[in-house]
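Chemist: What follows is the residue order along each chain.
Number of protein chains: 4
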Amino acid sequence: MGRTHSNAFLQTPRYFDVPYEPVLKAVCARNADRVKSFAANWGYESIETDWRALVARKDIDLIDIASPNDTHAEIAVAAAGAGKMVSCEKPLGRNAAEAEQMVEAVETARVPNTVWYNYRRVPAVVMIKELIDQGKLGRIFHYRAQFLQDWTISQDLPQGGEGLWRLDVGVAGSGVTGDLLAHCIDTAMWLNGSIAELTAMTETFIKERKHTLTGKVEPVGIDDASAVLCRFQNGSLALFEATRYARGHKALYTLEINGEHASARWDLHDLHRLQWFDHRDEGKLRGWRSIHVTDGDHPYMKHWWVPGLQIGYEHTFIHQFADFLSAAAGNQSASPTFRDGLATDYVTDAILKSAKTGRWERVTASATATAVKAVGQQATV
Amino acid sequence: MGRTHSNAFLQTPRYFDVPYEPVLKAVCARNADRVKSFAANWGYESIETDWRALVARKDIDLIDIASPNDTHAEIAVAAAGAGKMVSCEKPLGRNAAEAEQMVEAVETARVPNTVWYNYRRVPAVVMIKELIDQGKLGRIFHYRAQFLQDWTISQDLPQGGEGLWRLDVGVAGSGVTGDLLAHCIDTAMWLNGSIAELTAMTETFIKERKHTLTGKVEPVGIDDASAVLCRFQNGSLALFEATRYARGHKALYTLEINGEHASARWDLHDLHRLQWFDHRDEGKLRGWRSIHVTDGDHPYMKHWWVPGLQIGYEHTFIHQFADFLSAAAGNQSASPTFRDGLATDYVTDAILKSAKTGRWERVTASATATAVKAVGQQATV
Amino acid sequence: MGRTHSNAFLQTPRYFDVPYEPVLKAVCARNADRVKSFAANWGYESIETDWRALVARKDIDLIDIASPNDTHAEIAVAAAGAGKMVSCEKPLGRNAAEAEQMVEAVETARVPNTVWYNYRRVPAVVMIKELIDQGKLGRIFHYRAQFLQDWTISQDLPQGGEGLWRLDVGVAGSGVTGDLLAHCIDTAMWLNGSIAELTAMTETFIKERKHTLTGKVEPVGIDDASAVLCRFQNGSLALFEATRYARGHKALYTLEINGEHASARWDLHDLHRLQWFDHRDEGKLRGWRSIHVTDGDHPYMKHWWVPGLQIGYEHTFIHQFADFLSAAAGNQSASPTFRDGLATDYVTDAILKSAKTGRWERVTASATATAVKAVGQQATV
Amino acid sequence: MGRTHSNAFLQTPRYFDVPYEPVLKAVCARNADRVKSFAANWGYESIETDWRALVARKDIDLIDIASPNDTHAEIAVAAAGAGKMVSCEKPLGRNAAEAEQMVEAVETARVPNTVWYNYRRVPAVVMIKELIDQGKLGRIFHYRAQFLQDWTISQDLPQGGEGLWRLDVGVAGSGVTGDLLAHCIDTAMWLNGSIAELTAMTETFIKERKHTLTGKVEPVGIDDASAVLCRFQNGSLALFEATRYARGHKALYTLEINGEHASARWDLHDLHRLQWFDHRDEGKLRGWRSIHVTDGDHPYMKHWWVPGLQIGYEHTFIHQFADFLSAAAGNQSASPTFRDGLATDYVTDAILKSAKTGRWERVTASATATAVKAVGQQATV
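Residue numbers (the working numbering), protein chains in the order written: chain L, 6 to 386; chain A, 6 to 386; chain R, 6 to 386; chain E, 6 to 386.
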């Protein structure tokens with residue numbers, strides 16, 4: 006994630022007319038050799054190996070958190086306390102309790118903030134949001150989303166360690182629920198409003214794996230798969246599913262929303278395409294349209310190439326960072342804010358709870374966000 | 006359904022080498038004018054307007070039930086009691102209690118029987134069954150299926166009446182759960198074994214509709230949408246969903262099964278295609294294969310056209326009837342038997358119950374079927 | 006082909022309200038045992054082993070020709086001479102000279118006639134015709150079609166013999182040009198008008214194959230592949246290609262037409278789908294629509310199943326036969342007539358000529374068809 | 006194109022371990038205000054408004070040509086003469102005569118060179134090259150490619166002027182033949198070897214357009230559409246087509262190659278997918294695989310994101326520039342070299358000639374490239 010964020014910091018001003026020129030002042034990580042190499046590659050001016058030192062620096066206006074989940078809350082609270090703007094990888098906290106502290110910190114400090122639920126910045130997904138807001142779907146009946154992967158099926162994969170902290174429940178907080186399903190939930194609530202109640206099941210298919218830190222075979226604490234039935238506040242029904250055991254799918258995040266008049270579908274494996282069905286089309290000619298979202302009048306796309314030429318994954322981070330800089334110049338946060346991130350944590354907490362109780366659980370409602378106020382005059386990273 | 010069944014009776018001996026030559030002796034319906042016209046068109050030798058008269062005839066060996074759900078049990082029990090073979094449209098009963106009587110009747114009478122869950126005879130679906138039985142998928146982790154339609158979204162549609170008895174809960178027994186989800190459940194249990202427990206939600210989006218019989222606006226008793234989380238006996242997780250409110254989908258029955266080594270997908274809108282992913286393929290060349298199931302070595306396809314030329318919906322009934330005739334000659338029933346149909350009714354009953362209780366419900370296990378014994382020597386319709 | 010035709014004779018009156026009830030009076034083939042078996046299976050009343058005897062029978066009103074290409078002309082001329090209606094498999098003649106005799110015969114005799122270019126009766130293809138006729142495409146710029154197969158790649162396949170007469174140039178007349186490309190040409194001229202001029206290349210990849218009749222390895226006379234550039238009378242440009250050496254394609258007949266305002270695509274591997282792009286759609290929402298051509302208001306589809314349930318290959322023959330019976334009742338021929346079939350033979354002749362000369366060749370224009378006049382009062386087969 | 010090239014200069018060292026660190030020394034264009042703005046945005050150290058001044062500078066090691074086609078030859082010859090490495094947008098020259106001078110210049114000067122036929126660097130296309138080289142396709146029978154656009158259908162579009170020089174034959178040299186078809190030809194010869202002979206047609210649908218420079222309506226000199234039949238040296242047949250009048254297609258470059266054992270397909274609208282059919286797969290399970298080319302072992306992809314996350318259009322330029330820098334460090338040119346670009350110009354010249362003569366034309370064979378020798382020690386842009 007350090008790479009996609011750094012790429013966004015560098016690329017955003019080349020393609021977007023933003024109010025700040027990001028300056029890559031410092032990058033921080035525990036391993037000095039590796040952080041030096043990273044800094045050299047990406048052009049950071051300096052390095053730190055203790056994040057507290059980074060937070061203490063006066064020449065830093067924005068702290069970006071791309072470290073494992075168990076570090077999010079502590080860093081974010083400190084950064085906000087030091088008056089820094091904060092951008093944080095998802096999920097916001099390992100649970101809602103952590104996320105509440107983070108929201109409290111940024112709202113008290115009134116610092117611009119955002120959570121990197123980057124799929125809100127896929128042009129095709131933004132189009133769905135616009136179509137819903139224009140009323141083109143009418144009353145919503147159904148929402149369904151899934152995030153399917155297959156990279157942890159092997160019993161030989163250890164938990165923890167290099168690139169595998171997502172399998173260590175202590176670090177990650179949960180398994181696919183916080184990692185993958187959280188993306189589905191964030192987009193869903195952005196598009197379709199709040200979730201009222203849900204029932205869920207989770208499963209850990211491989212019960213024990215070698216732990217990298219202890220060197221021993223230990224119980225696996227994360228959920229390998231997670232599935233949810235729920236009702237939104239608007240009366241629509243939804244199904245959500247995430248798993249790392251769906252053979253054949255690499256990162257297949259799909260979503261579909263069915264309204265009275267129209268429906269939309271999208272998936273991450275062809276992120277530049279929007280599937281759109283409009284019942285108001287002439288009857289005999291109704292069909293699902295495959296819209297190649299690469300025209301100049303499509304969201305964000307005037308900044309890129311000519312029609313027909315697609316963008317990739319990392320562009321979603323550039324879009325979000327461009328929006329963040331614009332918002333920050335007006336002393337605002339960019340969607341999704343920490344408060345939005347907390348709302349997702351309330352849902353994932355309810356999912357994990359329901360998976361234990363076997364009952365329908367109501368989702369804690371998030372209060373309305375307080376508008377942030379002005380921060381420093383220049384955004385530097 | 007009368008047309009697809011009659012078509013099967015006529016077409017089967019043209020394309021399959023079957024042990025019996027079906028003779029269309031009689032067709033029965035309440036409206037004499039319409040049944041005469043139907044008989045003339047399809048070549049039935051005679052008509053009846055009272056099914057009891059049909060059952061009483063000595064020249065009839067097989068009673069085929071294609072009437073609304075509320076008639077299934079009574080006719081089937083009488084037909085079996087008269088020693089007739091019985092084929093019945095799905096769902097078997099409006100609920101498991103009715104279905105239990107029907108199973109009791111055919112098993113006591115030892116008459117060959119089958120339920121028209123016709124999608125078990127789609128060549129691509131049969132291939133999935135074969136691949137699972139060959140062990141090509143390995144341990145199963147996930148199953149998901151949905152049956153999406155959009156034809157009842159209009160508030161103006163009445164309940165009951167010509168072609169609309171499916172909206173009348175008294176006749177149909179339930180809404181999409183018994184009509185659409187039952188197909189998904191039947192295929193799923195055939196492919197993946199028994200369902201142990203489930204939790205579900207249902208919804209009736211349009212609460213009142215004009216009733217054709219009374220002429221008044223009355224509460225709607227059916228479920229418009231139904232969604233289920235469940236666990237199979239083999240430890241795999243599943244999601245099921247059916248609705249008539251998914252704008253843009255006509256009859257989109259889709260299913261996917263994910264195993265340790267391979268996965269398969271299929272949908273009814275392109276029923277002649279099988280999607281297949283095999284992790285044992287050379288790594289760089291792994292991908293989902295779109296198999297055009299029209300070759301002579303594909304299930305049932307040697308009876309049809311040359312490779313590349315697809316079959317349609319009604320062929321699935323022909324396949325099932327060919328299998329039924331072959332089974333009947335050996336005094337056997339054809340899959341799915343009435344007992345298999347009862348197993349599906351146990352699941353749909355549990356779904357409807359869970360939708361009310363909000364709890365996980367265990368599914369009643371169906372006893373093993375008793376083998377049927379010999380019936381008459383000639384099958385006539 | 007005998008099966009698809011016989012199926013059409015039987016199925017048409019079940020699904021369409023036609024003015025004649027076809028009676029399967031006789032079927033003819035040289036091998037008495039096999040024709041007996043065929044007659045028994047399909048319900049033909051009698052058999053013949055000499056087609057001249059069939060033509061001589063007074064109780065036959067329609068002669069259907071489903072035998073190899075080298076028999077078409079002689080039988081059709083005799084049948085027309087005997088005052089029979091004639092339906093003939095494509096291509097009409099092995100070349101235009103044969104086809105001219107056939108047209109002369111049916112037009113002199115004024116007997117209803119048709120050529121089984123069955124893809125004109127695919128509902129999705131009919132929709133393209135309707136959309137063009139309604140002016141929805143505007144000025145046409147491009148047409149392209151291909152018919153790709155891969156079943157003759159093996160060197161071991163003999164020429165001639167059971168099911169392989171298509172590889173014997175003496176019987177077939179040509180290779181893929183007359184067999185596959187002729188379909189593309191027929192549809193193209195129906196949709197886009199006459200072809201003015203063309204240049205072409207053909208290739209025989211496997212130069213020698215064992216001949217079944219002589220038992221010797223002999224030069225292969227057919228074209229294995231054929232490709233054409235051409236200009237239509239309306240100024241549009243076109244590419245055509247047919248081959249039996251396109252590994253991975255079973256019977257992939259695809260066509261696309263690009264107009265000023267809209268474009269349409271279709272392919273035989275998913276024959277129930279129409280791809281449609283309309284530039285007049287709202288700009289941001291323009292995309293190719295995948296229309297599932299299974300609704301009651303789609304061409305021919307009110308005769309089949311409910312929306313979402315697809316038909317197959319053989320249905321195209323039923324549609325053509327229904328149209329033929331309706332036309333015959335009005336003493337008309339059904340599209341494509343023998344004269345239409347001749348027009349295609351003029352094109353395929355020009356293709357084969359250009360492939361030899363290396364030059365652009367003008368296509369012989371077919372005169373306007375003379376309307377046929379009344380024939381017998383009852384159509385029987 | 007200035008943006009995609011500049012992006013490549015900046016991004017390449019972030020993602021690839023290259024032997025040189027590109028330094029953006031200067032950018033040149035005639036309009037001083039605009040070039041200043043461009044330089045500021047992309048971080049060029051200085052600007053020039055006369056390319057001769059750029060070529061004369063001692064601190065420049067590589068001249069990159071991204072200006073209209075009529076400037077390519079003069080700049081490239083001067084740059085090579087000054088001992089600079091040269092990278093040039095495609096097509097190399099407006100015709101082969103210009104391209105020959107350019108090849109002569111870079112080969113005499115022995116300077117590393119490359120032509121930006123960037124689609125050779127699409128990972129899926131590279132995979133096709135590898136599969137062919139591994140012999141997985143066997144003998145090649147067919148190749149077909151098309152490049153379909155629809156952006157010039159409006160009569161109102163002028164020729165020449167801002168962004169429209171591609172419609173001015175004096176500047177562009179030709180229409181779609183040099184602009185779009187050249188891409189198809191370059192990839193085809195890379196994958197399938199030399200083209201021996203061809204026949205072609207071109208068309209200008211809109212005969213007159215307002216010319217921006219003169220302000221008058223003038224005849225259009227470019228070809229709006231171009232289509233080709235040809236034979237490769239290896240005996241395979243091919244069809245090529247390019248047009249800007251295919252309504253509904255934005256930049257649909259598609260290619261397919263059919264071999265004895267396997268076939269591959271690819272298109273630019275989903276550039277991260279490879280379609281692959283292997284006849285050696287188990288018979289019943291043969292089908293076209295849709296390979297999502299985003300794994301670490303796919304060409305170039307270990308430099309990007311985790312499996313499932315796609316890259317976009319501009320990445321192809323990064324890949325080519327990374328290869329160019331690596332080649333240049335060894336005093337080599339990167340594929341496609343200027344000599345490769347000349348080979349494509351020989352083909353496009355033959356196409357335009359055949360379109361006039363109506364005859365098959367043989368393609369001039371390009372001599373084998375001379376290996377380039379060492380250049381300067383540091384590559385700067």
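Because the hints were derived from the structure by calculation, they are not lab data.
Heads up, a few of these hints could be off.
Pairs involving identical chains hold if they fit within one copy or between any two copies, as the list cannot separate such chains.
[Unchecked claim] No farther apart than 27 Å at their CA atoms in a straight line, the calculated lysine-lysine pairs in the BS3-like style are these:
#, residue 1, residue 2
1, Lys215, Lys255
2, Lys212, Lys255
3, Lys307, Lys41
4, Lys212, Lys358
5, Lys307, Lys361
6, Lys307, Lys289
7, Lys289, Lys141
8, Lys289, Lys255
9, Lys134, Lys255
10, Lys307, Lys134
11, Lys255, Lys63
12, Lys307, Lys255
13, Lys255, Lys141
14, Lys134, Lys30
Chemist: Are the hints correct? Go through all of them and say.
Modeler: Here's how the hints hold up against the structure:
Only within a single protomer do Lys215 and Lys255 lie at most 27 Å apart by alpha-carbon distance; the minimum there is 24 Å, versus 48 Å between protomers. Taking the shortest Cα distances, Lys212 and Lys255 sit within 27 Å of each other inside one copy (22 Å), while across copies they are farther apart (41 Å). Proximity of Lys307 and Lys41 under a CA criterion of 27 Å is satisfied inter-copy only: 21 Å between copies versus 36 Å inside one chain copy. In the homo-oligomer, the alpha carbons of Lys212 and Lys358 lie at most 27 Å apart inside one protomer (19 Å), although the nearest pairing across protomers, at 32 Å, exceeds that limit.
In this assembly of identical chains, Lys307 and Lys361 lie within 27 Å of each other by CA distance neither inside one copy nor across copies; the values are 48 Å within and 40 Å between. With identical chains, the CA atoms of Lys307 and Lys289 are at most 27 Å apart between copies only, with a shortest distance of 13 Å across copies and 34 Å within one. When the C-alpha separation of Lys289 and Lys141 is checked against a cutoff of 27 Å, the pair qualifies both within a copy, at 20 Å, and between copies, at 13 Å. Taking the closest pair of Cα atoms, Lys289 and Lys255 come within 27 Å of each other only across two copies (13 Å); inside a single copy the shortest separation is 37 Å, beyond that limit.
In this assembly of identical chains, the alpha carbons of Lys134 and Lys255 lie at most 27 Å apart whether taken from the same copy (25 Å) or from different copies (24 Å). With identical chains, the CA atoms of Lys307 and Lys134 are at most 27 Å apart within one copy only, with a shortest distance of 18 Å there and 33 Å across copies. Taking the shortest Cα distances, Lys255 and Lys63 never come within 27 Å of each other, neither inside one copy (42 Å) nor across copies (49 Å). Within a single copy, Lys307 and Lys255 get their C-alpha atoms only as close as 29 Å, which misses the 27 Å cut-off; across copies the closest is 15 Å, which meets it.
Taking the shortest Cα distances, Lys255 and Lys141 sit within 27 Å of each other only across copies (20 Å), while inside one copy they are farther apart (32 Å). For a Cα distance limit of 27 Å, the shortest separation of Lys134 from Lys30 qualifies neither inside one copy, at 35 Å, nor across copies, at 43 Å.
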